[in-house]
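If you're matching them up, the sequences are chains A and B in order. Counted from 1, the first sequence has number 45 at position 45 by full-length UniProt numbering; the numbering is strictly sequential. Counted from 1, the second sequence has number 37 at position 37 by full-length UniProt numbering; the numbering is strictly sequential.
Treat the hints as calculated values from the structure; they're not laboratory data. Certain hints may be false.
Heads up, the list lumps identical chains together, so a pair's fine if it works in one copy or across two of them.
[Claimed, not checked] DSSO-like, lysine-lysine: derived pairs with alpha carbons at most 30 Å apart:
hint	residue 1	residue 2
1	K174	K43
2	K196	K174
3	K199	K43
4	K199	K174
5	K199	K112
6	K43	K196
7	K177	K199
8	K177	K43
Protein chains: 2
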Amino acid sequence: MTERGLLIVLSGPSGVGKGTVRKAIFDSADNDFHYSISMTTRKMRVGETEGIDYYFRTREEFEALIAAGEMLEYAEYVGNYYGTPLSYVQQTLDQGKDVFLEIEVQGARQVKEKVPDGVFIFLTPPDLSELRSRIVGRGTDAIDVIDERMRVAREEIEMMALYDYAVVNDEVPKAVKRVKEIIEAEHFRVERVIGKYRKMLEEL
Amino acid sequence: MTERGLLIVLSGPSGVGKGTVRKAIFDSADNDFHYSISMTTRKMRVGETEGIDYYFRTREEFEALIAAGEMLEYAEYVGNYYGTPLSYVQQTLDQGKDVFLEIEVQGARQVKEKVPDGVFIFLTPPDLSELRSRIVGRGTDAIDVIDERMRVAREEIEMMALYDYAVVNDEVPKAVKRVKEIIEAEHFRVERVIGKYRKMLEEL
């Protein structure tokens, strides 16, 4: 019997190092999940390959997929669409394989609505755990600078509330280890395995 | 700021190997949680030490603790009480340290009611994952034998439903590794860490 794969979503504030952590996970020897390649309308750059770096599509093609409900998540940055096609993700999960998405927070919010039983991991900047020194540490800072830092920190913490796990990216190898442990552990969650046992009993 | 420790509860059907897995976890070098010593009314055996193997108490003393609500969980087996005193567990958790309980399923149910945010891990027999062969595999078995095996399996699966995680005890080192990963991962759960960040912001 094939258990459905896990949808793993790694996200976090921009600049936190999501891409670096994702690459390190995929480069590790014991990696056995599938990376969902994003689709984009931006132009292919030198050295990039269709279907490896991105699926490159025209704006019209991308908008047709959105209209057909075939994007798991998408967003527009500087005039270009970026997103995750639904079909590959569904097929891979149905085959019992885990799918790993590394996406922006807006995208993660969309995925959470469509796949609430995914595993949502929020990567936090190392200094989020040193909020005080980050916000008021330098005594010479103007009030409006401090206010702005407070606002950003508050925003990041409230983003975090939508996730299942928060992992500090203080050192990449440590963050990678934590993300892997989370994924391992999620496979043992009772709500993910009990259905298999109940079905086995029914089928006897 | 001290985060509260995790209460980890390892349980499972009798004979599944809970004690062996617990001992292997506590013998491992990187163990940093605290084992809560049980209290019992049974007689001390040769080689046992008060406060190490058990807290040995009289029936009257034990019943006074139950009456005072000072037992986190307890049960009676063959005429003796066994249970977990609440005070040590609370103090240790308040100090930010994890507490590890290895207890019977009845006890785990009591703990679940009192500490719903504990981490409840159900150790399953290896053959629960081979239900079919276990139940109907040998063609020569009488119907009532098969019925009894079905009943036991159904009971174990429904026990499992009360837990957060189900770990197969196929090989002790593997089960130990899984339990450790679960405990690591639980430390990163957003609901366990977000309060710390919110409080830091408030205090600024």
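Consistency of the hints with the structure:
1. When the C-alpha separation of K174 and K43 is checked against a cutoff of 30 Å, the pair qualifies neither within a copy, at 35 Å, nor between copies, at 48 Å.
2. Only between protomers do K196 and K174 lie at most 30 Å apart by alpha-carbon distance; the minimum there is 21 Å, versus 33 Å within a single protomer.
3. In this homomeric assembly, K199 and K43 never come within 30 Å of each other (Cα to Cα): the closest approach is 48 Å inside a single copy and 45 Å across copies.
4. Taking CA atoms no more than 30 Å apart as the test, K199 paired with K174 passes between copies only; the shortest distance there is 25 Å, against 38 Å inside one copy.
5. In this homomeric assembly, K199 and K112 come within 30 Å of each other (Cα to Cα) both inside a single copy, at 27 Å, and across copies, at 26 Å.
6. Taking identical chains as interchangeable, the C-alpha atoms of K43 and K196 are never at most 30 Å apart, the minima being 45 Å within one chain and 43 Å between chains.
7. When the C-alpha separation of K177 and K199 is checked against a cutoff of 30 Å, the pair qualifies only between copies, where the shortest distance is 27 Å, while the shortest distance within a copy is 33 Å.
8. For the homomeric pair K177 and K43, neither the shortest alpha-carbon distance inside one copy (35 Å) nor that between copies (46 Å) is at most 30 Å.
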